[in-house]
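Construct all of the structure, not just a fragment, from the sequences and the given hints.
Keeping their order, the protein sequence lines are chains A and B.
Once you know that position 72 of the first sequence is 71 in numbering that gives the first Met the number 0, the rest is easy, because the numbers rise by one and skip nothing.
Once you know that position 85 of the second sequence is 84 in numbering that gives the first Met the number 0, the rest is easy, because the numbers rise by one and skip nothing.
Derived by calculation from the structure, the hints in this document are not laboratory data.
Just to be clear, a hint being listed does not mean it is correct.
Claimed, not checked - If you only want the chain B side, here are some residues facing chain A, beta carbon under 7 Å, derived:
#1 Pro31
#2 Asp33
#3 Glu63
#4 Gln66
#5 Ala67
#6 Ile83
#7 Ser291
#8 Trp309
#9 Ala378
Said to hold, decoys possible - Label pairs and their calculated CB-CB ranges:
#10 Pro314(B) with Ala258(A): 25 to 35 Å
#11 Thr222(A) with Trp383(B): 34 to 44 Å
#12 Gly83(A) with Ala71(B): 26 to 36 Å
#13 Asp221(B) with Gly292(A): 43 to 53 Å
#14 Arg39(A) with Pro174(B): 53 to 63 Å
#15 Ser59(A) with Asp33(B): 43 to 53 Å
#16 Thr222(A) with Tyr370(B): 20 to 30 Å
#17 Leu384(B) with Thr316(A): 16 to 26 Å
Stated by the list, open to error - In silico DSS-like cross-links for lysine-lysine, where the CA-CA straight-line distance does not exceed 30 Å:
#18 Lys317(B) with Lys266(A)
#19 Lys272(B) with Lys106(A)
#20 Lys58(B) with Lys271(A)
#21 Lys58(B) with Lys129(A)
#22 Lys73(B) with Lys53(B)
#23 Lys129(A) with Lys220(A)
All figures in this text were calculated on a predicted structure; none of them were measured in a lab.
Note that the Cβ used here is the ideal one computed from N, Cα and C, for glycine as well.
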Amino acid sequence: MVTRVDRTKAKLFIGLVTVCLAACNAVHAYSHYHCSNNDRNIRWSDHNVNWRAGKNSFASTAWRNALTTANSRWNEAPGDFTFGIRNWGEKYVGRSNSQNEIWFSSKSSLLDGAPAICYWRYYCAGTSHKMLEADIIFNTNVSWSTTDTQSNKTPYGGSLRPWGATALHEMGHALGLGHVNYTYNIMGQDWNHIHANNGIVRHYVGEDAGHGAVHLYGRTKTTHKNDVAVTHWKYRDAGGEYSRHEPCRVYHNDNTAVAREDFNGFKRYLVKAGQTYKAEFTFENNGYYDQSGVNVAHYISTNDNITTADTRIRTGTMTLNRNKVYTTTHTVSIPADLTVGQTYYLGVIVDYTGSITEFAENNNSTYLPIRIIP
Amino acid sequence: MIPQKFDTCSFCATITCIVVLAGVITAQQQPPPDPGAIDIWTMARTADFIFKGKVVEVKFRNSESVQATDAAGKPVFDEDGNPIYEDGSNLPHSFITYQIERIYKGKPPVQSPGRITLQKVGGPDATRPGEVVFVPHYPHMDPGDQDVLFVLENTVRPCPLVRSEIGRFRVFTDPDDGESKIYNDTGFEVLHVRNQQVRDEVDIGQYRHFEEVTTYHFGGCDECTLQLHLDESFDEAKPLPWTPPGPHFTDEAFDGFLTYVIAQTHTPEELEKMPPVVSADISLPFFAESYSEDAPPEIPEQPVAYPRPWLDELPAEKREAILEAERMELLLLEKTGGNPVLPSTECEKRILAEGAIPGDISGPNGRPDCYINLYDLAAMAEFWLQCYDPENSKCDDMAGI
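Put into structure tokens, the structure is as follows:
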């Protein structure tokens, strides 16, 4: 139960919208709904939803794969909740028909221009506290992407919105979560809650929503419960009910921001060889168990494919608990032998020793482009 | 990557070149609209009725049902023989009646100039007691709420406000100074951003907690009340610098600003020609418009290969070394399934290709090392210490070691 003291703390924190420099570790903060009469979480009693997927909406392999992937991203999250497919080719979809359905509609006016919407039905009488139905409707008038190609996605200067990220957001509603506007999270602005490396993006549930799923449903029953990750996006501020996100930055030692320029739909930072800077990234523990002594290394690479084969310039350890989104900086020295005028990639790998067995190993590295200036 | 790592690699001859140095770069696009941003000027232009009022009554009624038919026009039934209805059938709706206090744009309903009833999807189901349809993206109104609302197509749209919850501004008494001020639907201060060169704008400021914002009542159904809960294990958080881009709108200042915005976005003739706003009538049966079910377009996606002109400036030998090393790196990354921890020793490459030998579960770095030795014994001992009870569900976490 949330006490008045808790609310006061929440009040203190929720309004904190600020420049995020070193050690700005956003406290986790999912939201969800309670039945007021019995003060219990509203949730699905059987811990799963199996979608009836619209016949026209999910006729193609590409869209079926996209939905299956979105389901699997929630299924690997640390909460004991799973999404599945009851059937493809559902002919008659509708809200409030006691069936869990997912479909696309071209009636943009009904969607009020929104990319998607989730309707749900609940029951709180007596000691009940259950979700009964969820329906998700996507807008066909949005230019969606179903692939993992980075360059044509909206966060990277492209024209296509990553459908998977929006699907994860709406599925978060479907399992009982509300919007969150005070940390980097999928229940805020979803399209730039994303991981990228080597020209490939990966949408994911993330620490905050995953933690919310644990709160509602307990610990996942999957074998692999661990996942650490790093991304080059971070929390910016609140935009209404939604958190807004922006690229991480490089800072001078006095915490002033390094100049940057537009670069291939993202940002490139102007740094000098042989100097030290503070490189900012967002680290998350998307798994169930807290992790201490996590090995983190920074690298210099000639391309956006960050691996342990690149030149390592810093090592250290971090504690990554499942209750915080760690947007933080590490001091790195740019090698003196880098060529002026050339673009490099300041990379980072979390668990660079491969010590943690994770359900997703392909979200452990990312980068910030840099250009060496005289 | 930096080239020296794979200069002598034996795999090089087998690598297919996949790095394209030149390609067509697509036009830079605008990101999706900010879902929470308040574009007050567009919203003012879009709304067909803008008013301030207080909720005096909320009632609920389900929409009428429409049975679905097949291509031949015959009613259709599910596998259990039950009739199938069109989307929008029997859908709970809320009828929220406001006492109008001030009109900024448009004309009041003809039937009841002092009151307007808004019709919105969601609420207790008249046919299934205790069940409630809820839409997280829609605002929730309770009796006593005082709001400024941007109404659009009342009785037609599922939520009759411009951009749903964004089209609602709440009036609360600021507990700090007792003054009436403007907040958004979720309790954030609404700020007046003054621009010298361009028009003034509206932005969001500090969050203020109001019980009314996080509690959702549903008429006389006490067991339907919802509460939005925040994470229950907040850490202490140190306040960080906050520089609001403008002052918090007082009720009075917002009145003046909205009046100004309306005057700037409409001519007197346009305002005069506006028809009276439609007010919902709960006594009349109604139908909710159906969401169609359509195929989304499949947009062909070609990866953009961005040119790297700085590579062209390098001596040919150095450039080739870089490209070769990158090719090798990519090949290994594909083999690891995207895991950036690439094999660097012959042992690691063998494990990647063939898997670890049975019994080799650890090594000096905590990973298999192609030897069965004391490291493996130590790892097993550690496992036994952590998991000696087969009934312990935590044991399955050790499966990966």
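Verification of the hints:
1. Pro31: Holds. Min distance 5 Å.
2. Asp33: At about 5 Å, which falls below the 7 Å cut-off, the nearest Cβ of chain A leaves the hint on Asp33(B) intact, so it holds.
3. Glu63: The hint is violated - Glu63(B) has no Cβ within 7 Å of chain A, the shortest such distance being about 13 Å.
4. Gln66: 10 Å, violated
5. Ala67: 5 Å, holds
6. Ile83: 5 Å, holds
7. Ser291: Cβ of Ser291(B) sits 5 Å from chain A, so the hint holds.
8. Trp309: At about 4 Å, which falls below the 7 Å cut-off, the nearest Cβ of chain A leaves the hint on Trp309(B) intact, so it holds.
9. Ala378: Since the shortest Cβ distance to chain A is 12 Å, the answer is violated.
10. Pro314(B) with Ala258(A): 25 to 35 Å: 29 Å, holds
11. Thr222(A) with Trp383(B): 34 to 44 Å: 19 Å, violated
12. Gly83(A) with Ala71(B): 26 to 36 Å: 34 Å, holds
13. Asp221(B) with Gly292(A): 43 to 53 Å: The hint (43 to 53 Å, Cβ to Cβ) holds, given that Asp221(B) and Gly292(A) are roughly 51 Å apart.
14. Arg39(A) with Pro174(B): 53 to 63 Å: 30 Å, violated
15. Ser59(A) with Asp33(B): 43 to 53 Å: Between Ser59(A) and Asp33(B), where Cβ atoms are some 30 Å apart, the hint is violated.
16. Thr222(A) with Tyr370(B): 20 to 30 Å: Because 26 Å falls inside the window, the suggested range holds.
17. Leu384(B) with Thr316(A): 16 to 26 Å: 23 Å, holds
18. Lys317(B) with Lys266(A): Holds: Lys317(B) and Lys266(A) sit about 26 Å apart, inside 30 Å.
19. Lys272(B) with Lys106(A): 28 Å, holds
20. Lys58(B) with Lys271(A): 66 Å, violated
21. Lys58(B) with Lys129(A): 23 Å, holds
22. Lys73(B) with Lys53(B): At roughly 47 Å apart (the allowed maximum being 30 Å), Lys53(B) and Lys73(B) break the hint.
23. Lys129(A) with Lys220(A): 21 Å, holds
Going down the numbered hints, you'll see the structure goes against 3, 4, 9, 11, 14, 15, 20 and 22, while the others check out.
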